[in-house]
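Engineer: First to last, the protein sequences are chains A and B. Using numbering that gives the first Met the number 0, you'd call the opening residue of the first sequence number 0 and step up by one each time. Using numbering that gives the first Met the number 0, you'd call the opening residue of the second sequence number 0 and step up by one each time.
If you're looking for bench data, these hints aren't it; they were derived computationally from the structure. All values reported here derive from a predicted model rather than from experimental measurement. Some hints here could point you the wrong way.
[To be verified] Restricting the straight-line Cα-Cα distance to at most 27 Å, the calculated cross-link-like pairs of lysine-lysine (DSSO-like) are:
(1) A/Lys352 - B/Lys12
(2) A/Lys397 - A/Lys261
(3) B/Lys81 - A/Lys84
(4) A/Lys5 - A/Lys16
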Amino acid sequence: MSDLTKLTLKGAIDGLKAKSFSAVEVAKAHLDAIAAANPAINAYIQTTPDQALAMAKASDERIAKGEAGPLEGAAIGIKDLFCTKGVQSAAASNILRGFKPPYESTVTSQLWRDGAVMLGKLNMDEFAMGSSNESSAFGPVVNPWRAKDSSQNLTPGGSSGGSAAAVAADLCLAATATDTGGSIRQPAAFTGTVGIKPTYGRCSRFGIVAFASSLDQAGPIGKTVEDTALMLRSMSGHDPKDSTSLPVEVPDFAAFVGKSVKGLKIGVPGDYRIEGMPEEIARLWDQGIEWLKAAGCEIKSIRLPHTKYALPAYYIIAPAEASSNLARYDGMRFGLREEGGNLTEVYENTRAKGFGPEVKRRILIGTYVLSAGYYDAYYLKALKVRRRIADDFEAAFKEVDAILTPTAPSAAFPLGQRNDDPIAMYLNDVFTVTTNLAGLPGLSLPAGTSQTGLPLGLQLIGKPLDEGTLFSLAGAMEQAAGVSAKPAKWW
Amino acid sequence: MAIDAATVRRVAKLARIAEPEERLEPLARELSAIISFIEQLDEVNTDGVEPMTSAVHVTLPMREDVVADGGDAERVLLNAPKSDQGFFVVPKVVE
Numbered sequence: 000m001s002d003l004t005k006l007t008l009k010g011a012i013d014g015l016k017a018k019s020f021s022a023v024e025v026a027k028a029h030l031d032a033i034a035a036a037n038p039a040i041n042a043y044i045q046t047t048p049d050q051a052l053a054m055a056k057a058s059d060e061r062i063a064k065g066e067a068g069p070l071e072g073a074a075i076g077i078k079d080l081f082c083t084k085g086v087q088s089a090a091a092s093n094i095l096r097g098f099k100p101p102y103e104s105t106v107t108s109q110l111w112r113d114g115a116v117m118l119g120k121l122n123m124d125e126f127a128m129g130s131s132n133e134s135s136a137f138g139p140v141v142n143p144w145r146a147k148d149s150s151q152n153l154t155p156g157g158s159s160g161g162s163a164a165a166v167a168a169d170l171c172l173a174a175t176a177t178d179t180g181g182s183i184r185q186p187a188a189f190t191g192t193v194g195i196k197p198t199y200g201r202c203s204r205f206g207i208v209a210f211a212s213s214l215d216q217a218g219p220i221g222k223t224v225e226d227t228a229l230m231l232r233s234m235s236g237h238d239p240k241d242s243t244s245l246p247v248e249v250p251d252f253a254a255f256v257g258k259s260v261k262g263l264k265i266g267v268p269g270d271y272r273i274e275g276m277p278e279e280i281a282r283l284w285d286q287g288i289e290w291l292k293a294a295g296c297e298i299k300s301i302r303l304p305h306t307k308y309a310l311p312a313y314y315i316i317a318p319a320e321a322s323s324n325l326a327r328y329d330g331m332r333f334g335l336r337e338e339g340g341n342l343t344e345v346y347e348n349t350r351a352k353g354f355g356p357e358v359k360r361r362i363l364i365g366t367y368v369l370s371a372g373y374y375d376a377y378y379l380k381a382l383k384v385r386r387r388i389a390d391d392f393e394a395a396f397k398e399v400d401a402i403l404t405p406t407a408p409s410a411a412f413p414l415g416q417r418n419d420d421p422i423a424m425y426l427n428d429v430f431t432v433t434t435n436l437a438g439l440p441g442l443s444l445p446a447g448t449s450q451t452g453l454p455l456g457l458q459l460i461g462k463p464l465d466e467g468t469l470f471s472l473a474g475a476m477e478q479a480a481g482v483s484a485k486p487a488k489w490w
Numbered sequence: 000m001a002i003d004a005a006t007v008r009r010v011a012k013l014a015r016i017a018e019p020e021e022r023l024e025p026l027a028r029e030l031s032a033i034i035s036f037i038e039q040l041d042e043v044n045t046d047g048v049e050p051m052t053s054a055v056h057v058t059l060p061m062r063e064d065v066v067a068d069g070g071d072a073e074r075v076l077l078n079a080p081k082s083d084q085g086f087f088v089v090p091k092v093v094e
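All chains, please: the whole structure from these sequences, using the hints.
Structural biologist: Shown next, in the form of structure tokens:
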């Protein structure tokens, strides 16, 4: 039998249905691959082999009875931000080390409902705060990709670095991820995988550890556009437990892959051509435009004039929400407790010990911008700028059906390179953060490689709830790009 | 506006994070750099702009005010650092 870890999600589901192999075999092949790779890649914080094999066995029984769900027997990885019943869900933080939720997140419960099999919990930046996976309390993830003729370890991006690395290295068929400012799309671009952040409200946030609630959204990372479409369908849907989840129908997203994109109008925002954009990123973008033209799309130049202010607005809004959300980690009801002389000292010691430097930095910024005397100048100002950014998109979408941009301003960079400069790290999200602020869907797909042979991604941005069009466009571009390269195995 | 060590001390107190004295200066520098980055927003004219507090145009739904879950102290206490006879055990609050 050929290596089952090389399959796409779609290939695995079809093969399982045809009984070419069993779900237990798929799970075992992945668990073996993880055992061999994880010491080098560190994509998984923990594997859950007993659970995986039990779930796979149940899948095999359902397949035998002809009761297979849409993802029956598919071995997937779950970002550590998702609460999984009885399995440590630590958000890659020391403050939640050992936390075993007595409940399941809505998104993961829907994946299990549809037959998926859990391989384990995937590494990430602590509380999803980071763009390089280096803020994890469980150590950084290493990108399976290396530059040509180099043995230097690169970042897989963040915060969903474990999800992206695991998919790229064939350590799962697909993975869940979350995106607050680019945390699905930037790692997808850095690892040659596909990632989509759907419209805000498409997926329930219930049971996902909160970072910035008005921006956080779950989505999948997969090997192909079709794979992410299959995952997103199962992950989506209204949930009474999250009042911001939208009460709308979930389309069959995979049916949009392969549909003609002829006549669609694609906006290309000149405002994304930032100063100092590397030549290879600009070239890739031009290439993407050519592919869409060849597929029959009409390209239109558009303006998104407030793009430049998206990151500064984000770095007020996200930390402000985070400082409020993370106030719950007080050492009383769950998580770490560090003793002290009185109640205040217990709080202060618990949080000093439990949170890492980047999380503390963001809590302090958030507390500062919300504090008396600064609220109007910073927080309220940022909310108004957010409105202007959303208005830019609304105006653009009167003219076009979707927007094409690069995903990230560079290819994957070496671990350790940008640790000392928070602003340099934040700039990773310059092209992705706008869609979080506006609540729009954004998809990143591999479109080419850098001069040093590293994957580069392009991003498609869509109208609210129009993920379908993104899947059609991404499908057409995936075909044109013909990127099927995998990282050379060095681990 | 630059943030000084005294401001960091005050904000850390508000955020209930113990920061040792020697960390205050370095943090003041880091936070000042971030604040000066976000102060670019002053360039944007926001006169008459409504603050955007939600990413989607929906009114939050109401639901019946009935008990939907609960009554399970054991599960609630499963992850408590300290508990006793169905209660969380916390440091003394009132002397």
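Engineer: Looking back at the hints listed earlier, which ones does the structure fail to meet?
Structural biologist: No numbers; nothing is violated.
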